[in-house]
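K.L.:
Chain by chain, the residues run as shown.
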Amino acid sequence: MSLAAHVAGLRRARGRRRQRLGLMLLALLLAAAALTLSLGRSFTPPLDVLRVLAGEEVPVASFTVGELRLPRAALSILAGMAFGLGGAAFQTLLRNPLASPDVIGISSGAGAAAVFAIVLLGWSGPAVSLLAVAGGLGVALAIWALAWRGGVAGARLILVGIGVSAMLQSVTAWCLSQAPSWTLQEAMRWLTGSVNGATLEQSRPLLAALLALGAVLLAQARALETMRLGDDAAAALGVRVERTRLVVALAAVGLVSVATAVAGPIAFVAFLSGPIAARVVGARGSLLAPAALVGALLTLGADYAGQFLLPGRYPVGVVTGALGAPYLLYLIVRAGRSGALS
Amino acid sequence: MTAGPVAEPVPEPIPAPAHARRRLRGLWLAAGALALAGAAALSLAFGARAVAWADVAAGLSGRVDTLDAAAVAVRVPRTVLAALAGAALGLSGAVMQGVTRNPLADPGILGVNAGAALAVVIGVAWFGIESVEAYLWTAILGAAAAACFVYAVGSLGRGAATPLRLALAGAATSIAASSLVVAVVLPRNDIAGGVRAWQVGGVGGASWEGILPALPFLLAGFALSLISARSLDQLALGEELAAGLGVRVARARAVAALGAVLLCGAATAVCGPIGFVGLAAPHLCRLLVGVEHRWLLPVSALAGAILLLLADVAGRLAARPAELDVGLVTAFVGAPLFIWIVRRRKVRAL
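Line order of the protein sequences matches chains A and B.
Numbering-wise (my numbering), the first sequence opens with residue 1 and increments by one.
Numbering-wise (my numbering), the second sequence opens with residue 1001 and increments by one.
These aren't lab readings, by the way, just hints derived from the structure by calculation.
Being a predicted model, the structure only gives us computed values, none of them experimental.
Note that CB positions come from ideal geometry on N, CA and C, so glycine has one too.
Warning: the hint list may mix true and false statements.
Restraint ranges, calculated between C-beta atoms of paired labels, are given here [claimed, not checked]:
#: 1; chain 1: B; residue 1: Arg1344; chain 2: A; residue 2: Leu250; range: 52 to 60 Å
#: 2; chain 1: B; residue 1: Pro1336; chain 2: A; residue 2: Arg279; range: 31 to 39 Å
#: 3; chain 1: B; residue 1: Gly1205; chain 2: A; residue 2: Leu309; range: 32 to 40 Å
#: 4; chain 1: A; residue 1: Phe308; chain 2: B; residue 2: Gly1205; range: 33 to 41 Å
#: 5; chain 1: A; residue 1: Ala134; chain 2: B; residue 2: Pro1336; range: 15 to 23 Å
Calculated from the model, a selection of chain A residues having no Cβ within reach of chain B, i.e. all distances over 12 Å [as the list claims (entries may be wrong)]:
#: 6; residue: Ala32
#: 7; residue: Ala173
#: 8; residue: Thr192
#: 9; residue: Gly197
#: 10; residue: Ala212
#: 11; residue: Ala215
#: 12; residue: Ala221
#: 13; residue: Arg222
Using the sequences and the accompanying hints, generate a full structural model.
P.N.:
Take a look at the structure:
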């Protein structure tokens, strides 16, 4: 066998393995969704769940599954996918596993804008989401501009992001201090990230954003992969580097902002999905689709754990925050060991 | 080591520039003391409630016949607390920047304040602590644990703890700690109201009963930090050179760090987490008096006190008739400074 054929064979095998692992993730997600739909405070037989999903009227199950569990699961999955996609896109784009939207302040931009709209302007619904998206985009641009000194270096971008996010948190805290005390608890819950009381209507803008922007991101996946080789190499291979970077950054910021506007900044999902996906399917090749699946799985699982598995009930953001923090430290330690940050 | 302490007999004539520099530093120290007095006066005179001068005088002399005079009387412990906490945070930031040789070190950025706040919240929720002394001990333990943790994580692996790695470790610890604070408090409706105090620091509720128990800790912290000035100067030359000069590097670091942790732990226990004062004060002072810790440390303490007093006054005036917590003001003003410092440095130095 010639060398070229051998390499091609290996590639095909790796591709098949990735496909298999990807399908496994998908199956896992479906199984988790089935579990959360049928088993809550009470058990609903899978057959009843299917009948509710098919639109039939089933006593009791129509309410518990159709009104409570389904909207919640849908929102968890969609928000998790959006965070996972956005996070992996940023990490790939900036070639740094730490440069996820929640660490460099884009989530806090969207969050600050949303809290401002809810508390001070008294807005609700789509208007809040729009302002949150605008806030996320604006903050992303501001960080980019502030980190610009004849080029954007990853280290400077991250540190500027940490500073910007500290400032935005003070704005958010100020907005909250203006809130009447009866909305404060609600606003705090929102800020930690929660899918409590989700409705299918809430999921609609998120689904639209996910379909549109997710398609844009996946269409750029190949170019993004090539750009991991470095800008010059990518340009030589026919990638329009600047355009790809702009499109990917805008789409990822949009996704994260919409998800934040609907479900709150669910801590660390954007940050964790990419690295976990890389662990599962291998670091070569695009991580976007696997990261979206991992994000959905994480959010769904954390929400379920927060509702039923832990003593007391916690919003999903608290669970992912508590889960994610040690993992983040582990990542820093590992990145430090391999010298990726120094 | 050209400029010795003023009182010491000088063996040979010091060149004129050193003289001039020393006089300049003395001037800055005096100006700082004056500015501190001015800031304290502002803090007493201006607040959420506009008060006539006669009532200010009455409130200060202890007569609280009118509502306005009573308002001024309440401002006295508040002013003292702001000055003390500001001095503690400014000095603690200067020492941390010296110990870690990291220009971005600050009790807030390194997650030490968040660790202290988490410890207190856990103590209140799970162990039912109530006394001010218990708050102080818990906060200081939490601050020490967080400081060790962040420094260990930041310096694990190859190479030294770069500012980027320490800042990331601190940011991660802060996010983790605040997540955990929410997790601890959410199921407890009885203490949920007090959580905000542990997320945003403020000096609004100051009372003498709250301040006095913290004084011994603050004094110990000031003393440990100030006696570390000399070894911090030597550590600034690099570990090997410092060891060559006879410094016991590990011990000197531990003493200085203990001082810094005592200071910011005690300040956090009384006020809640207040960020960026510890970052801003030393950077301003380095521009004024240079990098020698003998001067930098006391001037940083002065500057920290002035900054926190001014931030508190600004917070009271900006949101009349309500107030802004001083932690909000310092973060809003301090974060741009952080970004400016980051922008000034070369990428390699991060």
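K.L.:
Would you mind marking each hint as holding or not holding in the structure?
P.N.:
We went through each hint and held it up to the structure:
1. B:Arg1344 with A:Leu250: 52 to 60 Å: 29 Å, violated
2. B:Pro1336 with A:Arg279: 31 to 39 Å: Roughly 38 Å apart at Cβ, these two residues keep to the hinted range, so it holds.
3. B:Gly1205 with A:Leu309: 32 to 40 Å: 38 Å, holds
4. A:Phe308 with B:Gly1205: 33 to 41 Å: About 39 Å separates the Cβ atoms of Phe308 (chain A) and Gly1205 (chain B), which means 33 to 41 Å holds.
5. A:Ala134 with B:Pro1336: 15 to 23 Å: 21 Å, holds
6. Ala32: 22 Å, holds
7. Ala173: Non-interface label fails for Ala173 (chain A): nearest chain B Cβ at 5 Å, not farther than 12 Å.
8. Thr192: 5 Å, violated
9. Gly197: The claim stands: Gly197 (chain A) keeps its Cβ more than 12 Å from every Cβ of chain B (closest is about 16 Å).
10. Ala212: 30 Å, holds
11. Ala215: 31 Å, holds
12. Ala221: Holds: least Cβ distance 27 Å, greater than 12 Å.
13. Arg222: 30 Å, holds
Violated hints for the displayed structure, listed by number in ascending order: 1, 7, 8.
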